[in-house]
Each structure stands twice: as C-alpha cells, then as structure tokens.
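Using the hints, put the two chains back together into the complex; each one sits in its own frame.
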Amino acid sequence: MIGLRLFLLQRITALIMAPLVIGHIATMIYAVQNGLTAAEILSRTQGSVWWGLFYGLFVIAVAIHAAIGVRAIAYEWGKVPAAALNPMTWAIAVGLTLLGGRAIYAVVMP
Amino acid sequence: MTDAADALNVRVWRGKPANGGAFHSYEVPRAESQTILDVVTWIQQNAEPTLTYRFACRVGMCGSCAMMVNGAPRWTCRTHVRKAVQGNELEIAPLRNLPVIKDLTTDMTTFFDKWTDAQGMFHGTQTRHDEISTITPDDPKRRLVNEAVECINCAVCYAACDTVALNEDYLEPAALNRAWTLMNDERDGAFDSRLTAVTGAGGCTNCHSHQSCMTYCPNELNPTRSISGLKKLSASAFLWGGAKR
Chain A
115 MIGLRLFLLQ RITALIMAPL VIGHIATMIY AVQNGLTAAE ILSRTQGSVW
165 WGLFYGLFVI AVAIHAAIGV RAIAYEWGKV PAAALNPMTW AIAVGLTLLG
215 GRAIYAVVMP
Chain B
3 MTDAADALNV RVWRGKPANG GAFHSYEVPR AESQTILDVV TWIQQNAEPT
53 LTYRFACRVG MCGSCAMMVN GAPRWTCRTH VRKAVQGNEL EIAPLRNLPV
103 IKDLTTDMTT FFDKWTDAQG MFHGTQTRHD EISTITPDDP KRRLVNEAVE
153 CINCAVCYAA CDTVALNEDY LEPAALNRAW TLMNDERDGA FDSRLTAVTG
203 AGGCTNCHSH QSCMTYCPNE LNPTRSISGL KKLSASAFLW GGAKR
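For the protein sequence lines, the chains are A and B, in the order given.
Taken in order, the first sequence gives residues 115 to 224; the numbers are from my numbering.
Taken in order, the second sequence gives residues 3 to 247; the numbers are from my numbering.
So that you can see chain B by itself, here it is in the shape it has in the complex (with noise of 0.2 Å):
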C-alpha cells in the first residue's frame, strides 16, 4: 500500500552532544494509522540499527516515547502521523530543554529532580489500623485532584514551557501540577511544608501563564491552572495567614 510518491521525508537527529548532531535524511514508507513511534521504529529496524530512542508501553500510559515532532513536543506512541506530517515532511528530534544522552534519548535526571524538589511525593499520615478515609468522588476537593491528578510523567510539558527554557530555577508545570494535586489530596501531611517548597525562588510564582503545557499536554490536562490554584493558595496563606485545608 506504499510506493515512493507516498514515502515520508524524514529527518531524524542524530548524535551525541561530545561530537556534536546533526539530522539525518530518510526515506520510510506510510501505512495506514502509523504512529510517529511507528516510523522511528521503522527506522531502526530497517535503516539505522544504531539509532537510540525510549520508549516502552505504545499505548499513551508510560510517559517515556514523547519527542519532538516537526518542533512540536508529543507523545510519539499516540500521534498519528497524518496528524503531524507537514507535506510528506517529519522532522523529529530530541525533547526540548532536557540534555541529550544520545540521539533521542533525554536526561530526565532534572525534570524528575524537579518533581522531588517540588514534593511530589505522598506524606501519609495514617497506619494500617487507621480507618481508611472516606473521599467522596463529589467533594469539591476531590475534583481539584481528578483534573491534574492523569499526568504520565512524559515531559511534553517540560519541553513545551519557555519558563522552563528561560529560568533553570523554575520547578515546572509537571511538578507543580503534581503538587496541585497533593495540596488537595485531604490524606496528604505535607501541606505546609509543601506550600514553602512551591513557592521559594523557582516556584510557582515565576510561571508566566503562556499555557503551551495546556496546549500541548497529551492528556489534556491543565497545568497553568493547576499552578494558578497554587499561587493563589500561596498569596491567601501569605497575606491572611495559614490557608489550611
């Protein structure tokens, strides 16, 4: 079902940052509901053993394939490339703002220090013999979380945010949104420790609201909103004191 007319243009990057990268040029044949992970895949397989890249659910779960596609960043797994080809053109590189280990492969050390330092984490507070608390899938709370909580770690965001790019304190949407997602979680202990974390130097105040992480998050979440929840959680606790849950 492909013949040369058909085939796509597509330019890989290709290279380590010691000796410097460059794009390489090939030619691979369409199919039908390919994905961009497809296409890469076709590559390394057919034409460049060598080639490295990340990847490990195919089905928009793990957070690991996301690249950028004709200087977009996406979720390589789930983009159809119909959806992203540009001509018979594809361009795919690296995520933008994280280092590269090679080819496509990022570090992510930063990004998941990130989320570490912005105190992504869980602080239980109960033990087993507790009763386990009872959340209503109702409480206004409990739907704060349920519209940030679906994030897979991919960094699509990261690499979509000019903040990111521009100011290396900054914590990033994805921490930030998880976060979000703690400071409304009522089990959670952590609240006002969390609280300073994202609001020092690098936290939440720096974020300029361009909203690409909303525009280009794959699971369509909101992280410019979470983050504003987070300012304003940040200014009441400041200016009347203790905004406790």
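Next up, chain A with everything else stripped away, as it sits in the complex (with noise of 0.2 Å):
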C-alpha cells in the first residue's frame, strides 16, 4: 500500500528532516544551556525569516513524512480498508500542517 512515490516522498523528507532534527536539538540545547527565557527566545524568533523557513520546510516534511509512515501501520496493524487510506493520510498530513503551522505562526510572526 505504498507504491513508487509515497515510498520516494517518505525518503526524500527524512533526508530533508535528518539535518533540520539536528539543527533543533542542537539550537534547543543552546538556549536552554545559556538559561534564555522564553521570552528571550521568542524575542530572537519573532520576525525571523530564517526561522520561519527553518521550521515551515521541518513541518511540511513532518506532515508528509509522518502521514505515509502512519498509513502503513495502519494499513499492516490497523486493517484499516485500502479505500480509506487515501484520504486518511491526506487528513494526517493536513492536520499535522495546520498543528505545526500554527506553532510557527506563535513563534516567528512578530
């Protein structure tokens, strides 16, 4: 139940999260070291442009990468009908778009 290009889709945007992981935990972990405040933090990403890609290119890949893994499970361990597959992977991704959107509009728009 996952052909050629949700198989490709699902590598592609674990190539693209595997640095964008890195450079969260690492940044996370710099803040946190450095006793920043949240207020401090959000001061430094409000109005951001860098981080507002940075983390818009993160949640369009969660979205994409997250929905077709699930899909399968549910798929192999759920049964969940191959009718219906389709249009839950699409309210996967969508749902996790809007989650994670929402989150970066909190934290970058000023």
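Derived from the structure by calculation, the hints contain no laboratory data.
The model shown is predicted, which means the values in this text are computed figures rather than measured ones.
From the three backbone atoms N, C-alpha and C, an ideal C-beta is built for every residue, glycine too.
Check before you lean on any hint, since a few could be wrong.
What the hints assert, rightly or not - So the derived list for chain A, only partly shown, Cβ under 8 Å to chain B, looks like this:
hint	residue
1	M115
2	I116
3	G117
4	L118
5	F121
6	L122
7	Y189
8	E190
9	W191
To be verified - Partial chain B-side listing against chain A, Cβ under 8 Å, derived:
hint	residue
10	L168
11	N169
12	D171
13	T201
14	G202
15	A203
16	T207
17	N208
18	S236
19	A237
20	F240
Stated by the list, open to error - Across the chosen pairs, the derived CB separations fall in these ranges:
hint	chain 1	residue 1	chain 2	residue 2	range
21	A	A217	B	D164	33 to 41 Å
22	B	T138	A	V135	41 to 49 Å
23	B	T127	A	A217	52 to 60 Å
24	B	N221	A	P133	38 to 46 Å
25	B	G73	A	L129	53 to 61 Å
26	A	A217	B	D171	32 to 40 Å
27	B	F240	A	L213	27 to 35 Å
28	B	T138	A	G215	57 to 65 Å
And the structure:
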C-alpha cells in the first residue's frame, strides 16, 4: 500500500528532516544552557524570516513523512481498509501541517 | 540404537480448516543423521497412515517439503533433527502465511500467483535463428543474477516474512527476488513492464527490510538485497527517467 511515489516522498522528507532535527536539538540545548527565558527566545525568533523558513520546511517534511508512515502502520497493523487510506493519509498530513503552522505562527510572527 | 529415553516427543499439526485442527503427539525413535522429513515419514508409516504432507526429491532441490519446525520455517529434507530439536521436543506445523489444505500441506496458489504478478517469467527477445547471446561469468549483471538465482520456490521466505503476514497485497520475497534476476538478464525483453509490475501498490516498496527472508532462506540467498536492488532501480527510473539496461 506504499507505492513508489509515497516511498520516495518518505525517503526524501527523511533526508530533509535529518539536518533540521540536528539543528533544532542543538539550538534548543544551546539556548537552554545559556539560561535564556521563553521571552528572550521569542524575541530572537519573532520576525525572523530564517527561523520561519527553517520550521516551515520542517513542518511540511514532518507532515508528509509521518502521514505516509502512519498509513503503512494503519494498513498492516490497524487493518484500515485500502479505500480509506488516501483520505486518512491526507487528513493526517493536513492536520499536522495546520498544527505545525499554528506553532510557527506563534514563534515567528512579530 | 534408540530407546525410550532417547525418543523424540513430536507434536504434529493435524486437521482441516473446516474442522479446526490440533497438535497430536507422537513418540518417534531417534536415528543417526535423522532429518525432520524422516521424522514425519516415520510417523506416517508407523503411527498415522492418514497424515498428509508433501515432499518429492528429498535432496533440497524441489522445494516442496517446507514446514514450520519449532516455530521456524525450514526445508525439512535437509534439516537434521539435531539442528532443530529443543531438548527432545519437536513441533511440526504447516508453513505460516499460507492456507492449510490438510495436516502439513498448504495451498501454495497465492505464492505462485504472486510469482506471475511480479512477472517472474522470462520474456525472450530472440528466435532460434539468432546468435546465442554471450554473457561472460564475470559480467557485473551476471554476478547479480548468480547471487539470487538459486531459488527453489520452497516458500520458506514467504512463511518467514512479517510483511507478507500483515499485507496481503505484498508481492513477497521470492517473487521479487526472481524479478530482480530477470531485471539483470540481458536476454530478457520485459524490463519496463516488469518494473511497473514490481513498483505497484503491493510492490517492492512495501518491504520493511526485516530480513527474515535472508535469515531463513535454506539456500542462503538474500531476497532483501534483491528487493533493495529493485527499489533503487525503480527510484532512479522515476527520478532520472528510464533506467534502462
């Protein structure tokens, strides 16, 4: 139930996420160790185009990657009928994009 | 050379799907160099004349005698008892992932249908009037074929594969392994249509690389590697267009 396109999309989004995960975790540890407060972090991220792009790309990659992964699990372990897989995959992808987009909005918008 | 203390306690699955089934216990004398198939045959000849099982060549060529032995799929004619026995206990059951016909025989129709679905047949491009193709033993593609070609269709990989168990559309390791050998056969003329066949909804991209096929293959083939080759082939064909030979 994972054809070639979905297979490739999941691999490519994994390649995109790998450096973004490292960047995200490294920045988090760096920020916390230097004792920055939430307000101080927000003052740095709000209005930043770069952090907007960084997390925007991250959220899109996660939404695609996770939706395809859940699709395989739902079919193989959850016995979700094949006809329901496409709507379910889209719903998860759109849902994660909206959730992530809301978070980016809060962190990046001035 | 056997006595009661040395006898094997063998539990054999008996029954038809319609009537349910259960394990029946038998005591089988041990013998030197005894195989699992010897044990099953002893039971049929001495204790249970109606026991149904399948075998033909007894030398690991025909691929018809595979069964679950103490939970693992094995070719029973080439598996010595001492290799599979746990204490004195043996549990022999029909192959996993295939419907049971009776006792130890399974209906292998789906297994062979998937072989056809993956275009496991050779499509010749020449006639008897053409020159015979020359393929040297050290040809890189010939080497890839060599690594994968000694499959005997025993369905041990099919029984071992968890993706087969969970995804009924999945084309299965033996069929995809066979397709991989043909994709590397210069004489074959169905490269494009086979590539389409092995990359559909149930195709090679469904493999999770658990490597159970490789672990249990009695001929020590590596279908996971073949499937991975198909993934690379189909990915490059999709991304860069027409990965022709």
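Satisfaction of the L118 of chain A interface hint, Cβ to chain B closer than 8 Å: holds (4 Å)
Would you check whether W191 of chain A satisfies its interface hint, that is, whether its CB is within less than 8 Å of any CB in chain B? holds (7 Å)
Given L122 of chain A as an interface hint, is the shortest Cβ-Cβ distance to chain B below 8 Å? holds (6 Å)
Between A217 of chain A and D171 of chain B, does the C-beta distance stay in 32 to 40 Å? holds (37 Å)
How about M115 of chain A: closest beta carbon in chain B under 8 Å, or not? holds (6 Å)
Can the hint on T207 of chain B be confirmed by a CB-to-CB distance to chain A that is less than 8 Å? holds (4 Å)
Can we keep the N208 of chain B interface hint, with Cβ of chain A closer than 8 Å? Holds: closest Cβ of chain A sits about 5 Å from N208 of chain B, inside 8 Å.
Note whether the CB distance of T127 of chain B and A217 of chain A lies within 52 to 60 Å or breaks it. 57 Å Cβ-Cβ, so the 52 to 60 Å window holds.
With a cut-off of 8 Å, does the beta carbon of L168 of chain B approach a beta carbon of chain A closely enough for the hint to hold? holds (4 Å)
Going by Cβ atoms only, is S236 of chain B closer than 8 Å to chain A? holds (5 Å)
Residue hint F240 of chain B, partner chain A, criterion CB-CB below 8 Å: holds (6 Å)
Return holds or violated for the Cβ distance of G73 of chain B and L129 of chain A against the range 53 to 61 Å. violated (38 Å)
When each numbered hint is compared with the structure, a violation occurs for hint 25 only.
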